[in-house]
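Trainee: So you can see what is in the structure, the chains are spelled out below.
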Amino acid sequence: MMVRSMLRAGAWPAVLVISGAAVLMGGCGVAFPATATALLPIAFTLLAAAAAFVLDEPASLVVDVTPTGPARRTGIRAVALLAPLGAGAALLLAGALRGLTLLWAPTALALAGNVVLGFAVACVARTRTGEPGPRASGAVVLVLLVPTLLPAVARRVSTFPPGGDGLSSNAVWWSVLVAGGAAVAVSVSGRLPGLR
Amino acid sequence: MTAAALAARELRRFVVNPVLLLAAAFTAWATVTTPRAITEIDTANWYVAVFLGGFGMMATFWLTRSMRGSEPVAGVTPTTLPVRTAALCTVAVVPFLYSVLLLIGFLHFYPIGDRIYGAFSSPTQAAVLVGQFVVPSLGGSLLGVALGRWVRFPGAAFVLFLLLFGWGNLVTLPSLSHPDSTAATALRLFAPFSFFTFAGNGPDVTTWRGSPWFFLGWQLALCTIAVLVALLRDAEGRVRSRVIRALATTLALAVILLVLAVNGGFAQAVHA
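The listed protein sequences derive, respectively, from chains Z and C.
When we follow the working numbering, the leftmost residue of the first sequence carries the number 1215, and every step to the right adds one.
When we follow the working numbering, the leftmost residue of the second sequence carries the number 134, and every step to the right adds one.
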């Protein structure tokens, strides 16, 4: 009962609209394979932004004083990550069926890394505000755009396979997964200052 | 509070906006790190539009949505909401002027007449640069105000930015494989930013179809539409009907300018 009401109270419109925009963008990349390496990273960035909205809790003043701990609340809300992850998986599946020549394992890792990054930033921000989505998603988008838009950074860091000579996308996303997992664990444990 | 005082107040808020400061820093960094020896301007001309236009849009969206923060001051004045929106629109002068400075700097390193600009005449090369540096920087900020006045969803600006960025990539593609196609040209120019040349890192520059002058007109029409859409919100009575009439006229003008942009310029792509 509580699980259902907690899930119902989530920022589903934001998560679904942004995931939908990602599917639209990534779908164009799948439909026109020459643009796949440009449009799929944009789609993944949108999925990271969608993941940053899953912890939004408009009634946080009430919810945060209930006996349910942050770990359980975060765990329940994490179910909503299935929306961006499912959208990304659908794009990868469509790409595979279309015969795109992508490195599938590193691309799937990039998808997971993007979503975890959005979620981890939201988890940390949730310790300070009830609705971390707007700020967290904006920050995540800006961070993810830097390697795409700044040639000087793009030469050193890749966020989408195969990438260039610098830090590979695999190294980036494994690091993000580890750091993101640690950030989520610390933020739900109540050890961060300002935890609600 | 007069419109000028409101505009000054919004300008003061805008110039300390973190997203705008980030955009200014990124633009400066990209400018400094761009190689001096390039084979085509497309290597160096897009980041101003992306950062000052795209990030500028996010900044003005944020500024517009935070108008509620100004309510204690602005809300008690006998100023109508369209006047306050117009005051907000004036902040676009900041990225506009910055892009003009960057364009002057760009011309210092890559002067007009260089072969990297393709087969265009010197005045048309200037039109290409104005359409790639200055007008997107102005238009992005104006679009952010319009978006902020109509859309409540807090992530709307970055979603629109990413969609426009993706759209820009998508519509350029057909011109690479079909440079002489009218449909490909129309698709490429149906965007707030467009490339007019392509070299693919090779020595030969291909000048694509399309008129940079009319494209400039199309971009300015889009800027006007953004302002009018922003002003339309909460406009009442005669002001509202005037804005709607002006919007209809500008929309028609935009379509005409786009058609002229597609059909103007070279009849076929020029390889040189």
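Some hints could be false.
Partial chain C-side listing against chain Z, Cβ under 10 Å, derived [as the list claims (entries may be wrong)]:
#1 Phe229
#2 Trp300
#3 Leu309
Quick list of the computed label-pair ranges, beta carbon to beta carbon [unchecked claim]:
#4 C:Val165 <-> Z:Leu1381: 41 to 47 Å
#5 Z:Ala1248 <-> C:Arg371: 32 to 38 Å
#6 C:Asp367 <-> Z:Ser1389: 45 to 51 Å
To spell it out: a stretch of chain Z is covered by chain C in this simulated footprint if at least three of its residues, at any positions, have a beta carbon under 8 Å from a beta carbon of chain C; those stretches are [as the list claims (entries may be wrong)]:
#7 1245-1256
#8 1333-1343
#9 1348-1357
#10 1360-1373
Honestly, the hints are just simulated from the structure, not real lab data.
None of the values given here were measured: they were computed from a predicted structure.
Where a beta carbon is used, it is the ideal one built from N, C-alpha and C, also for glycine.
Trainee: Next, verify each hint and record whether it holds.
Mentor: Hint-by-hint comparison with the structure:
{"no.": "1", "hint": "Phe229", "verdict": "violated (20 Å)"}
{"no.": "2", "hint": "Trp300", "verdict": "holds (9 Å)"}
{"no.": "3", "hint": "Leu309", "verdict": "holds (8 Å)"}
{"no.": "4", "hint": "C:Val165 <-> Z:Leu1381: 41 to 47 Å", "verdict": "violated (22 Å)"}
{"no.": "5", "hint": "Z:Ala1248 <-> C:Arg371: 32 to 38 Å", "verdict": "violated (51 Å)"}
{"no.": "6", "hint": "C:Asp367 <-> Z:Ser1389: 45 to 51 Å", "verdict": "holds (48 Å)"}
{"no.": "7", "hint": "1245-1256", "verdict": "holds (count 6)"}
{"no.": "8", "hint": "1333-1343", "verdict": "violated (count 0)"}
{"no.": "9", "hint": "1348-1357", "verdict": "holds (count 5)"}
{"no.": "10", "hint": "1360-1373", "verdict": "holds (count 5)"}
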